[in-house]
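Q: Here are the chains, one letter per residue:
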Amino acid sequence: MAFIDYYKILGIDKSASAADIKKAYRKLARKYHPDLNPSDKEAERKFKEINEANEVLSNPENRKKYDEHGKDWQHAEEFEKAKQQQRQYQGGGQQNPFGDFGGGDYSDFFESMFGGRASSRGRTGGSVKFRGQDLNAELHLNLRDVYKTDKRTLTINGKNIRLTIPAGVKNGQVIKIKGHGGEGINGGPKGDLNITFSIINNTNFKLDGDNLYTTVDLDLYKAILGGEITVETFDGKAKLKIAPETQNGTKVKLKGKGFPVYKKEGVYGDLYITYQIKMPKNLTKKEKQLFTELAKLRPS
Amino acid sequence: MSKENFIPIHKLCELYQVEMSFFSNLNEIDLIQITTIEQSHYVEQDKINDIEKMVRIHRDLGLNIEGIDIVFNLLQKIDGLENEIISIKNRLRFYEN
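Which chain is which? The protein sequence lines are A and B, in order. Each residue of the first sequence is one higher than the last, beginning at 1 in the working numbering. Each residue of the second sequence is one higher than the last, beginning at 1 in the working numbering.
Okay, chain A solo, but in the shape it has when bound (with noise of 0.2 Å):
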């Protein structure tokens, strides 16, 4: 556990004032906020790091015990013990040098020599509830998992939480899960668990909004000729007719046969198929021969 420089976090050196104090924490909360900076979880390392060093250095009597065993930590114990009977001579029991400020979130240090019993934001105050620290959390899913709409049971910090994933959900997409967050401070409400999906498409597919598009391979007689050819679709093989002369590049586009749309059930959107002719290669001396007779046929 080492030793952590409160005035060097907020900027001030050891003569500060109260006022240098307050004005040094409200400019670098102003910049490291995590309202201010939602999802930035080092912004969010830093407002930590500062609320510290202002719980400390604000309060007159743990900034003396901070000054006077600061450095030498270890010994904050046999400082608090000496404290402790004082007060008991003196009729008082408090154990807590901060008070009562509810679960915290408070560096090894910090709780080492003033208890673990801190607020997680210095100037809420004693019984002001707040609502638990939103949590935020990762899902990763492939493109396939999110066609149709699933339940998934996660573990979350020991706790199953059952999840209903609707078809469609997109990549980079987050659902917010109320009241699965945080602990509430002071009695008050638990946060919500905010999940991100991270959605991997390993098919053959490629997704833009709701509409899925992929190439397939036509043969040349096919393609000249016309015909029938199956397709896979994302949901199964579709018949397809091919009509005469179709160009290499050609796009089709089957309808509904897309991705879900999120939260509309039953409405989908399109595939869109190019197709890609494929040449012959190996030519027999008759298919030769037979290419050369129509080359005559158009001469360029």
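Source of the hints: derived by calculation from the structure; they are not laboratory data. Heads up, a few of these hints could be off.
List time: in silico PhoX-like cross-link candidates among lysine-lysine, alpha-carbon distance up to 20 Å [unchecked claim]: (1) Lys176(A) to Lys11(B); (2) Lys176(A) to Lys53(B); (3) Lys11(B) to Lys190(A); (4) Lys46(A) to Lys8(A); (5) Lys178(A) to Lys89(B); (6) Lys148(A) to Lys41(A); (7) Lys41(A) to Lys53(B); (8) Lys206(A) to Lys89(B); (9) Lys222(A) to Lys148(A); (10) Lys89(B) to Lys31(A); (11) Lys27(A) to Lys53(B); (12) Lys170(A) to Lys89(B); (13) Lys48(A) to Lys11(B).
Since chain A is already given, all that's left is putting chain B on it; use the hints.
A: Structure of chain B alone, referenced to chain A:
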């Protein structure tokens, strides 16, 4: 009007230890909407996340109502831009694969 899905403002004042004027000022600049039912003032329950954020910003950063308004407008812009980035990234994936 039913009081269901509404929270009385006096409860919020008690809970967050702020003055009633804090909520009236937020209402004046349309950051929240105060609804009056049977002579009591309420806010919609699903706005509680935003309200808590406003209280935290006010308390932790010492911002006044105008400051909170600016922050909220900017946060909304950031939110919109982040959603746009996700959507553009998804489209980019389409061309990269």
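Q: For each hint, tell me whether it holds in the structure or not.
A: So, going through the hints one by one against the coordinates:
1. Distance hint between lysine 176(A) and lysine 11(B) is unfulfilled; the C-alpha atoms sit about 25 Å from each other, more than 20 Å.
2. Restraint check: the Cα-Cα separation between lysine 176(A) and lysine 53(B) comes to about 17 Å, which is no more than 20 Å; the hinted pair holds.
3. Restraint check for lysine 11(B) and lysine 190(A): the C-alpha separation of about 18 Å stays at or below 20 Å, so the hint holds.
4. Of the supplied pair hints, the one linking lysine 46(A) and lysine 8(A) holds, its CA atoms being roughly 13 Å apart against a limit of 20 Å.
5. Annotation: proposed proximity of lysine 178(A) to lysine 89(B) is violated, straight-line Cα distance about 28 Å (limit 20 Å).
6. For the hint linking lysine 148(A) to lysine 41(A), the alpha-carbon distance of about 33 Å lies beyond 20 Å, and the restraint is violated.
7. Restraint check: the Cα-Cα separation between lysine 41(A) and lysine 53(B) comes to about 18 Å, which is no more than 20 Å; the hinted pair holds.
8. For the proposed pair lysine 206(A) and lysine 89(B), the alpha carbon gap of about 14 Å is at most 20 Å, so the pair holds.
9. Distance hint between lysine 222(A) and lysine 148(A) is unfulfilled; the C-alpha atoms sit about 35 Å from each other, more than 20 Å.
10. A threshold of 20 Å between alpha carbons decides the hint, and for lysine 89(B) with lysine 31(A) the separation of about 28 Å lies outside it, so the pair is violated.
11. Restraint check for lysine 27(A) and lysine 53(B): satisfied, since their Cα atoms lie roughly 18 Å apart, inside the 20 Å limit.
12. Taking the CA atoms of lysine 170(A) and lysine 89(B), the gap is near 11 Å; set against the 20 Å cutoff, the hint holds.
13. A threshold of 20 Å between alpha carbons decides the hint, and for lysine 48(A) with lysine 11(B) the separation of about 29 Å lies outside it, so the pair is violated.
Checked against the numbered hints given earlier, this structure breaks hints 1, 5, 6, 9, 10, 13; the rest are met.
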